[in-house]
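Enquirer: Sequence:
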Amino acid sequence: MSLQPPTDVELATGPASSWEQVRAAIVEALPGVGPEQTIVAGIGPAVFHDSRARRVTLDKIAADRAVILFTVSGHGAILNSTAMRLLRIADDARDPMGGWFEHSADGRLNGVAHEYAMWLIWRARTELVGHDESLRQIRELLAANARLGVTTVQDMSNEFLPDHIVGLLKAAPTPIRVRVIRMPATTPAGRDTAEGLTLTTNPSPLITVSGVKWLLDGTPIEIQQVGALQAGEPPTWAKKLAFTPAEMEAMLRESLKSGDQLLLHIFGPVAARNMLDAMQKTGGARVWSTKRVRFEHGDGLTPLMIDQAKALGVVVVQSPTHLVVGQFLDSDQVGPQPLRSLIAAGIPVALSSDGEINPFLGIMLASTHPDHPAEAITREQAVIAYTRTSAYAEFNERNLGTLEVGKLADLSVLTQDIFSVPADDLPKTESVLTFVGGKLEYDAHALVVL
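Numbers in our numbering are just positions in the sequence shown, counted from 1, shifted up by 4.
All clues stand as given, with none of them false.
Below, computed lysine-lysine pairings styled on DSSO-like, alpha-carbon distance capped at 30 Å:
{"no.": "1", "residue 1": "314", "residue 2": "295"}
{"no.": "2", "residue 1": "432", "residue 2": "411"}
{"no.": "3", "residue 1": "314", "residue 2": "285"}
{"no.": "4", "residue 1": "285", "residue 2": "244"}
{"no.": "5", "residue 1": "411", "residue 2": "174"}
{"no.": "6", "residue 1": "174", "residue 2": "443"}
Label-pair ranges, simulated between beta-carbon atoms:
{"no.": "7", "residue 1": "420", "residue 2": "360", "range": "15 to 23 Å"}
{"no.": "8", "residue 1": "307", "residue 2": "65", "range": "41 to 49 Å"}
{"no.": "9", "residue 1": "20", "residue 2": "244", "range": "20 to 28 Å"}
{"no.": "10", "residue 1": "328", "residue 2": "423", "range": "18 to 26 Å"}
{"no.": "11", "residue 1": "378", "residue 2": "108", "range": "43 to 51 Å"}
{"no.": "12", "residue 1": "110", "residue 2": "29", "range": "24 to 32 Å"}
Source of the hints: derived by calculation from the structure; they are not laboratory data. Nothing here was measured: the structure is a model prediction, and the numbers come from that model. Glycine included, every Cβ here is placed at the ideal spot set by N, Cα and C.
Produce the complete structure using the sequences and hints provided.
Expert: Right, dumping it as structure tokens:
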């Protein structure tokens, strides 16, 4: 007899919710929550920085139920004592490199976790879910992508160990292409540079393992500490860096030695500037212009950095859902969020999901750019960013990204013309037929054969 995996009770909260609203939602949900369930809520900066939203208060509200409040960006969380025990986070837990736990005045953990401390939470939760449920969720996610006409996805293996996710993908088996990118954890002693290195490059025809990603900074939601700023850099965006400049240089040297593409979570200007300087110190354009180092997200790339980023061959991979953070952040926290100016300067810009998988929602947001309309791009540019430039961003432009003789027949037939429908209707787009390598992987049965 197999044990049933624990389940989440997700509250209808979000980034604009107040602590009072989140507290009320927890209290309302409690009577229907079983001992094997975890109460999970999404929160924004207002709750994350509210001193009332801490372990001791959550314990008083729900002492015998696990409660986890995740920031909507996933870079921080607040846990109660039951959740900490469930996830094996002890009061004497040491901070991993690039992450940290907050403490109350008595020295105990106050339940707040940041950055690489989140790896402990994510991976412990994954273990609780179990193999069968993980496999079900992966199949469901891959099928949802196929229904949207997506033929390639990339997995940042932060919640699963790389060999674990590859095993699940092979067992599924995946109907579309999946690139697994190593996103190693850290320990108090340093970065785990060996994680996932034993995997082969192509575990199966549709699975590729390549690239390594490191998290250099956080997001404006969890901002804690202001660092040194230069002219033109938003003053509230300088969250302390996960790694020192010396550690950034080490990442670059490791990439050169292994030949593996380097991907970097860079949200704010301080991380962007420090990494550009590190690239300059480790060889500059002569070494890096062809390496396609990826800045994932690049929101903080200021006009003063653009020429240097172009010379160093930086590829920016932006997530359009970031372009609406102005609805719950102060305007001076939002930052440049460049798109149009990067493309105009000749910097390759690809688009990605970062949680919300619908690319047509992404096209709508990129072509309207709610936070900075002057940085909006055309729908055609957005489609190119999702296809041709995304293939370039993973060194696969010879096989993917455009419809040409000799390339892989990955293509979709859509339910509507995405270049002419009203912007608000773009997210309603789905696929009628999705082909991967010329093989039909999704059929909505919407076409009638006469």
